[in-house]
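Full structure from sequences and hints, please.
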Amino acid sequence: MSRPSPVIPGFGLTLGYTLVYLSLLVLIPLGALFIKSTELTWEQFVAIVSAPRVLAALKLSFGAALAAALLNGVIGTLLAWVLVRYRFPGRKVIEAMIDLPFALPTAVAGIALTALYAPNGPIGQFATELGFKIAYSPLGIALALTFVTLPFVVRTLQPVLADIPREVEEAATCLGARPWQIARHVLLPALLPAWLTGFALAFARGVGEYGSVIFIAGNMPGKTEILPLLIMVKLDQYDYAGATAIGVLMLVVSFVLLLVINLLQRRIARG
Amino acid sequence: MNTATLAAAGVSRTRRGAPWGRRLLILAAWLVFVLFLLLPLLIVINEALKQGFGTFFAAILEPDAVAALKLTLIAVGISVPLNLVFGVAAAWCVSKYEFRGKSILVTLIDLPFSVSPVIAGLIYVLLFGAQGWFGPWLMDRDIQIVFAVPGIVLATLFVTVPFVARELIPLMQEQGTQEEEAARLLGASGWQMFWHVTLPNIRWGLIYGVVLCTARAMGEFGAVSVVSGHIRGLTNTLPLHVEILYNEYNHVAAFSVASLLLALALLILLLKQWSEARINRLKAAAAQE
Amino acid sequence: MSIEIRQVNKRFGTFQALKDIDLTIESGELVALLGPSGCGKTTLLRIIAGLEAPDTGRIAFHGEDVSSREVRERNVGFVFQHYALFRHMTVFDNVAFGLRMKPRRQRPSEAVIAEKVHELLNLVQLDWIADRYPEQLSGGQRQRIALARALAVEPRVLLLDEPFGALDAKVRKELRRWLARLHEEVHLTSVFVTHDQEEAMEVADRIVVMNKGVIEQIGSPGEVYANPASDFVYHFLGDANRLDLAGQAVLFRPHEISLSRQAETGHLPAEVRDIRPLGALTRVTLKVSGQDDPIEAEVAKNHVTLAGLSRGETLYFRPNAEQPEPWEERGL
Numbered sequence: 001m002s003r004p005s006p007v008i009p010g011f012g013l014t015l016g017y018t019l020v021y022l023s024l025l026v027l028i029p030l031g032a033l034f035i036k037s038t039e040l041t042w043e044q045f046v047a048i049v050s051a052p053r054v055l056a057a058l059k060l061s062f063g064a065a066l067a068a069a070l071l072n073g074v075i076g077t078l079l080a081w082v083l084v085r086y087r088f089p090g091r092k093v094i095e096a097m098i099d100l101p102f103a104l105p106t107a108v109a110g111i112a113l114t115a116l117y118a119p120n121g122p123i124g125q126f127a128t129e130l131g132f133k134i135a136y137s138p139l140g141i142a143l144a145l146t147f148v149t150l151p152f153v154v155r156t157l158q159p160v161l162a163d164i165p166r167e168v169e170e171a172a173t174c175l176g177a178r179p180w181q182i183a184r185h186v187l188l189p190a191l192l193p194a195w196l197t198g199f200a201l202a203f204a205r206g207v208g209e210y211g212s213v214i215f216i217a218g219n220m221p222g223k224t225e226i227l228p229l230l231i232m233v234k235l236d237q238y239d240y241a242g243a244t245a246i247g248v249l250m251l252v253v254s255f256v257l258l259l260v261i262n263l264l265q266r267r268i269a270r271g
Numbered sequence: 001m002n003t004a005t006l007a008a009a010g011v012s013r014t015r016r017g018a019p020w021g022r023r024l025l026i027l028a029a030w031l032v033f034v035l036f037l038l039l040p041l042l043i044v045i046n047e048a049l050k051q052g053f054g055t056f057f058a059a060i061l062e063p064d065a066v067a068a069l070k071l072t073l074i075a076v077g078i079s080v081p082l083n084l085v086f087g088v089a090a091a092w093c094v095s096k097y098e099f100r101g102k103s104i105l106v107t108l109i110d111l112p113f114s115v116s117p118v119i120a121g122l123i124y125v126l127l128f129g130a131q132g133w134f135g136p137w138l139m140d141r142d143i144q145i146v147f148a149v150p151g152i153v154l155a156t157l158f159v160t161v162p163f164v165a166r167e168l169i170p171l172m173q174e175q176g177t178q179e180e181e182a183a184r185l186l187g188a189s190g191w192q193m194f195w196h197v198t199l200p201n202i203r204w205g206l207i208y209g210v211v212l213c214t215a216r217a218m219g220e221f222g223a224v225s226v227v228s229g230h231i232r233g234l235t236n237t238l239p240l241h242v243e244i245l246y247n248e249y250n251h252v253a254a255f256s257v258a259s260l261l262l263a264l265a266l267l268i269l270l271l272k273q274w275s276e277a278r279i280n281r282l283k284a285a286a287a288q289e
Numbered sequence: 001m002s003i004e005i006r007q008v009n010k011r012f013g014t015f016q017a018l019k020d021i022d023l024t025i026e027s028g029e030l031v032a033l034l035g036p037s038g039c040g041k042t043t044l045l046r047i048i049a050g051l052e053a054p055d056t057g058r059i060a061f062h063g064e065d066v067s068s069r070e071v072r073e074r075n076v077g078f079v080f081q082h083y084a085l086f087r088h089m090t091v092f093d094n095v096a097f098g099l100r101m102k103p104r105r106q107r108p109s110e111a112v113i114a115e116k117v118h119e120l121l122n123l124v125q126l127d128w129i130a131d132r133y134p135e136q137l138s139g140g141q142r143q144r145i146a147l148a149r150a151l152a153v154e155p156r157v158l159l160l161d162e163p164f165g166a167l168d169a170k171v172r173k174e175l176r177r178w179l180a181r182l183h184e185e186v187h188l189t190s191v192f193v194t195h196d197q198e199e200a201m202e203v204a205d206r207i208v209v210m211n212k213g214v215i216e217q218i219g220s221p222g223e224v225y226a227n228p229a230s231d232f233v234y235h236f237l238g239d240a241n242r243l244d245l246a247g248q249a250v251l252f253r254p255h256e257i258s259l260s261r262q263a264e265t266g267h268l269p270a271e272v273r274d275i276r277p278l279g280a281l282t283r284v285t286l287k288v289s290g291q292d293d294p295i296e297a298e299v300a301k302n303h304v305t306l307a308g309l310s311r312g313e314t315l316y317f318r319p320n321a322e323q324p325e326p327w328e329e330r331g332l
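Protein chains in written order, with my numbering: chain Z, 1 to 271; chain F, 1 to 289; chain X, 1 to 332.
Any given hint could be a false lead.
As the list claims (entries may be wrong) - The calculated SDA-like cross-link candidates involving lysine to any residue, where the alpha carbons are at most 25 Å apart (straight line), are:
(1) F:K272 with X:R87
(2) X:K170 with F:K272
(3) Z:K92 with F:G21
No wet-lab data here; the hints were simulated from the structure.
Since we're looking at a predicted model, the values are computed, not measured.
The structure is reproduced here in structure tokens:
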């Protein structure tokens, strides 16, 4: 019961401060981006965002983020399941280290992954032998994004998984359900909303990620150039209009995708 | 392990010994851990020490690196306390009261998480850059925000806004308002109530939020990269310094500075683990009542 | 210190939590607010404390209107259902809290505070756990510490929200007797909220029965039990049997019955469905032909009709209310 209570002071003060702080730091500056973009005519805007280089970057950014989020959906579920359900040597170490990608500066992650996956790196050399590249290719970008967004799915699934009472699975077993039926009919529906949340968080972060990607990407225009880098390039050329247009495009596409995921989640929650 | 889990792992028939499904899953988890988390960590240390400790320390103690460390500390030192105060205020109004538009406010608090750091930098360039809205006004008064320290602080502030609030809101909602009401009934003033009752109850959540906030503030790259002038010794933070060294093919120095950041990250993980354990105890206690 | 509640109304959105509440609680009385969950009893208690503001109406302590007083100025002792002990403070610090929060000029010295706290801990018989933290205490101990904390500021009235609700059955019984004794000693005007009619009966001087935001009846435990003012009060205060007699319903309590093995005038036949020894009493469940609801009879365990009685036999019974129930006349 958290009914508002007239005896707890500070509502006006804290709400006011929260709103002013958010407005000054986040809302007004973000609004400035959209207002700035209105300086462009619609035709100019379309011309900028439909340039082949921009479209290629758009496809790469969203594609790599999607691939990374999906990969995380699999290995994140695996890690969450193993960490919650099993006790085994080293569990605590893994548990603590899951958050490394959040604690490690992305630039450090970027150069570390590049060193690992470069054609002559400890892992990259195997790929070279097999005739393909990891670093300096979209695959490397997806791997870097997988690394920086690894904790999202694990951390959203863990509490939900821990909250599913064992009795539910036991009851299903007593009712004659096979393991895969339990997974399909009991665990999956319970986990899906949280899984989608983790997926959406990983995806959103992946689309905007910059630091860890630019080292491993190779940054070839039209091939391995991501959208945030393209904004940087435009800024370096003092092309503020171009940077703004791409920024707005990124924000709008991200928000639409997040909205879709959110709606999907609500539909699932409603059953 | 009970029968249900055994069944779920597909080994209900094997009563003793090898639960193969379980072993396979644990092995897979270990593999992911080594491949995705341990190897990147090890390679940083390996590359940093390639030419021995002498080069390693030289890279860390070089004046530009020290200047970068100082700037990073300034950015952290300003943005973390500000976002701490903001986080407490935001969590207070969200968790202690019901009002219209509350869920929108919570969404807005989280907004910086779904905005690309590069865009976070870009918006401040649009506002305060030479061609920005306030650019001419600032230039007349000889105030430089973008490509200088204030811009770096602003960008860092933006990307770390949600951390403290996010940790406090669920904790404070779980704890409810009864202890505060009890304090008021016993004659405590609003300030006494906050200081003697609320703050002690949320301190581990605060520490946890601050730890996460510090991690991000210390390591922020994209947003800071946009608004930094990339001037060595002046507007370079540690992560930017790593980038410059790396792009100059000075890999050993880059990895040396990177390993310094890695050490800080590991320290942060330790602090996080420690405060998290305390929060879980608090939450368990709150749930028990 | 008496409490007067006049014309209090409270809404939460579209839900009318309290409607035209008028109630006077005499000085030194121990009053129970009794009713099912959602009846508004806790809201009324919180309004008396000042934790909730009424939409209309006023509250006075001993004739002095306190409606506009802030909660900390009302000087009420409040014991929360889940105690709301400060979890980061020891028992001692919890009890001392109210004294330490006083403005500097009125604040007693630490020595005086310590003396006072130990006095209170002695009163609740828990002086030996002064250094423990709330999480190390049992439910009953927490409850008594919450009470000591509330008493430390020498409140004018004591308010308790479901004081025994979170305790297990045995501790609950012990504590409510203890509370009744404590009230005898301290003689502080006290109001407690409960949904348990047995608890209200055992502890309170007067019972205020509430339902759906209104007061159904006010009276001593004996009065409300013997002369319930409404159908609701009758049902809420104890088990009730309902017997249909040619379109007329008779309500009576399980012990208000006479049983016989032979047919007698005014007695109805019924089949014995179940026999349950409950200690001093034995409960017999009877099935009357033509009526769906069974009749429950509670008689002394050595009652003559019980000897050798088994299921399936026929017994004869007659509702035997000590006083005519109003329902019989009203023909409910």
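To see whether the hints hold, each was checked on the structure:
1. For the hint pairing K272 of chain F with R87 of chain X, the CA-to-CA distance comes to about 22 Å; that is within 25 Å, so the pair holds.
2. With a CA separation close to 43 Å, the supplied pair K170 of chain X and K272 of chain F exceeds the 25 Å bound.
3. Between the alpha carbons of K92 of chain Z and G21 of chain F the distance comes to roughly 21 Å, so the proposed pair stays at or under 25 Å and holds.
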